[in-house]
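Line by line, the protein sequences are chains A and B.
Last residue of the first sequence: 422 (our numbering), numbering continuous.
Last residue of the second sequence: 422 (our numbering), numbering continuous.
Be careful, since some hints might not be right.
Which copy is meant is left open, so a pair is good if it fits within one copy or across any two.
[What the hints assert, rightly or not] For lysine-lysine, the following BS3-like pairs were computed, each having C-alpha atoms within a straight-line distance of at most 30 Å:
no., residue 1, residue 2
1, LYS419, LYS251
2, LYS59, LYS77
3, LYS253, LYS403
4, LYS251, LYS366
5, LYS9, LYS59
Read the hints as simulated data drawn from the structure, not as lab findings.
There are 2 protein chains.
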Amino acid sequence: MALKKKPVTGMKDILPKEMEIRNYVMNMIRETYGTFGFSSIETPCVEHIENLSSKQGGENEKLIFKILKRGEKLKLEEAKEEADLVDSGLRYDLTVPLSRYYSNHANELSAPFKALQMGNVWRADRPQRGRFRQFMQCDIDILGEPTYLAEIELVLATTTLLGKLDFHDFTIRINDRKILKAMAQYSGFPSESFDTVFIILDKMDKIGLEGVEEELKKEGFEESAVKTYLKLFEEISPDIQGVRFCKEKLAEVLPPKTAEDLETIIATVDAVKTADFKIVFDPTLVRGMSYYTGPIFEIAMDEFGGSVGGGGRYDEMIGKFTGTDTSACGFSIGFERIVMLLLERGYQIPSEKGKKAYLIEKNMPADKLLLILKQAEEERRSGTQINISIMKKNKKFQKEQMMTEGYTEFVEFFKDRM
Amino acid sequence: MALKKKPVTGMKDILPKEMEIRNYVMNMIRETYGTFGFSSIETPCVEHIENLSSKQGGENEKLIFKILKRGEKLKLEEAKEEADLVDSGLRYDLTVPLSRYYSNHANELSAPFKALQMGNVWRADRPQRGRFRQFMQCDIDILGEPTYLAEIELVLATTTLLGKLDFHDFTIRINDRKILKAMAQYSGFPSESFDTVFIILDKMDKIGLEGVEEELKKEGFEESAVKTYLKLFEEISPDIQGVRFCKEKLAEVLPPKTAEDLETIIATVDAVKTADFKIVFDPTLVRGMSYYTGPIFEIAMDEFGGSVGGGGRYDEMIGKFTGTDTSACGFSIGFERIVMLLLERGYQIPSEKGKKAYLIEKNMPADKLLLILKQAEEERRSGTQINISIMKKNKKFQKEQMMTEGYTEFVEFFKDRM
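Chain A extracted, bound-state conformation (with noise of 0.2 Å):
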C-alpha cells in the first residue's frame, strides 16, 4: 500500500522556491507577449497518434509516451505490434499541435493569427542531469504573415521579455536558410548532398573551420568545393557588411530580395530594441530542423554556454498538414534553461509584498482567534501574504523553516497578551 515516492524515472517533482520563479516567468511571458498582441492558445497534452507520427518530428518521433487505447478497443490477444495498442501519446512539442489548431479552428481566429503557447511537452529521452521528460515549451508563432514583419515583431517580443527578465550581453544569431543554400549551390556542391554540408557546417562551433574542412574531405567531396565554401565564411563579417557581401558574391543563385530582407530585419532590430543584446548575421547558423524555408534565429548566451532558444520561419509546414498553404514563422525560449539560469543566480523577484508569518499560542480560545483572523484579513486584503500557524515547541527551528520559504516577518500571539 505504500507509495512509490520518487517520481517517475526523468522527471520532477518542483518545489515552492522554484515555483515562484516559474510563476513569475510565466507571467512576465504573457504581460510582455500580450503587449505584442499575441494570444494564449492551449491544446490538449494528448494527441492522436496518427499526427505525432506524421514525420515532422524528426527524431522526437522515437520518444513517445503512448497511450494504451482504453475498452473494447485494447485487443490484446489479436495485437501483433505496439500500433495496435496505443491510439494516442503525449505531445512531444507544441508546432505540431499549433498545425493541428489552426486548421480546426482558421475561420475563427483573426487572420494573420499570433499564437502564444506555453505548455509541458513529454520526451522519453535518455534521463541526464538537467534534462527532464516533462518540460515546459514557450512558443510564439506567426501565421499568415509573409512579409518580414513577423520575424521582426518575434525577435523584438522575445528580446524584450528577455531583458525584462534582467537578461542582457546576450546575442541574437540570425540566418536565412535560402543564404546557406546558396552559399552551398555557389560553392559547387550537389543540391541533394546540402543536407550532409548542413550537418557538417552545424557543428562549426566545437570543431572549428579546420574541423569542418576535414570532415567535409572526409565526405568525400571536391577539394574545389570545400576550398571556395571555406574561404566564403572567412570573407563574410557578422554584420549588415556580411549580408551586402552576401547579396553581391551570391548574386546568380541567391533569390531575390533575400538579402536586402534580412538586411532590413537586422536594421530595424537593431534600431527599435529596447534590451541590451546584438544581432549578427551568422552564415554558419544551420538550426537542425529541416522545415525551415527562411529566415532562421537563434539566442546565444554567454552565462549559459549555448542557445536559449530560436526559431524561424517554416512557410510549409502547416500547408503539408491542412492542405492549405499558410506562411508561418515562430520563436521558441528554453522556458528550463532560463528559469535554471535565474535559479542559479539567486534571481529575487522585484516588488514583491511582504511575506509575514503570525504565529499563535496554542489552544488560543476562538473569541482570541477570531480578533486574529480579522487582523490577518485586513493586511491580506492590501496583499500581504499573511501565513497563520500554531505556535511549535520548537520555534526557532519552526522560524528557520518559514524563513526559508521568504518569511522575513514574524508576528507572536499569546493568550494572556491580548
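Put chain B on the given structure of chain A with help from the hints.
Structure of chain B alone, referenced to chain A:
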C-alpha cells in the same frame, strides 16, 4: 499526410477568448491563495501506475489513461494482461501526487505545509456535454495542522477568491463525518451498514426526505431506526442552533469537541468573511470520498445548480501512503465550472489595459516601418497591447475579426501619409 483536425475524443482546444478568462482566474487564484500563505507546487502529469492503482482513487482508478512501457521493457509477446504493458499513467487527481510529493519532500517543507496545486488531470469518462477528459483541478491543502484553524483558513481563502471573481449569494454547506456517523449510530443502524445509509442519504437533494425513507426501508433496515433517523433531520436547523442540538442529542455517541469545533468554524467564518455568502450546517452533506475523517464542506451555487467545489479533513490518508501520520485538510474548487460560469455571463476582465491594432499599408518602406515600430514600442512599454498587421484588401472584415478578439482601437498607416 493530412492531420486529424479534431482534438482526441473528449478533449478540447482552447480559443483565445476562453484562455483570457482562464489566465485571469489562475492569476487571481495564485494571488488570493498567496495572501493566505499557500505556496504553489507542481508534480509531473505522469505518475507511477502503482500509485494510481492504490485504491485511494475509488472509481477514478477505472478511468486512467495508461502509458505504454518503452524500449526493452515492453515485451509484447510475453504480455498476458494490460498490467504487463504499462508502467505509468496520467494522474486522475492532484491528491495522490500530493501525498507522494509530501512523502518525498517533507523535510524540505515548512510544517504545517500549505500547498496550492493547479494542474490538469485526466479521466477517460464517457464524453458528455461540458465534461472533458482533460481538465484543470485547483486544490489547496494544509498538511500537518490538526486544529480547526485549517478548516477556517481553507473556507476563508476559497470564499475570498470567489468574492473577488464576482460570485455572490453562494452557500458553504458544512458537516462533520463524526456527526454523520453519530446520527446513524444514535438511530440504531449497525455500524457495518453506515456506508449504505450514507449513500442513500446523499440522494436527499434529489429524492427528498420521503425518498430517503423509502430507500432505507427497501434496504431492510429496522423501521424504528429509519424513523428515529428521519426525525433527527427534521429537528436539526441549518445553523449553529442545529449544531448545539446535535451536541446535546448525540452526547453519548459523539466524540468530545466535535460539535464545539464545528460551531467555532461556522461562527468564526461568519464573523471574518469578506465575501457575500452564507455558511450553513447541513447534516445531510455526505461527500462521496470515504477517506474524510472530520469536517467536510461544499460550495453550492444556484447559478450552477450544483456544487462548484468541496473538501474536508482527511487525517488518515497521507499516513497510509507514507507511513507517518499526518493530519490533512483540503479544499478543491471546480476551476472548469467557474470558468464556464464566467464565460456564460460574458464576464469582462476588470481594468485591462487597452488593445490597439496598427494596420499598415502593404509594402511599407523599411524606414517608415521603423518609425511605426518605434511608436509601437513606446505604447507597449506602458502596457498597451499593440497588434501590428499588414492591411488586407478587405479591411472591414479584417477589423471585424480583430474586434472579436477585443481590439477596439485601430490606427492605420499609409505610405504616402507618413
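Quick rundown of the hints versus the structure:
no., hint, verdict
1, LYS419 - LYS251, "between (82 Å within a copy, 26 Å between copies)"
2, LYS59 - LYS77, "both (25 Å within a copy, 25 Å between copies)"
3, LYS253 - LYS403, "neither (69 Å within a copy, 44 Å between copies)"
4, LYS251 - LYS366, "between (79 Å within a copy, 24 Å between copies)"
5, LYS9 - LYS59, "between (37 Å within a copy, 16 Å between copies)"
Going through the hint list in order, the structure does not satisfy hint 3, though it satisfies all others.
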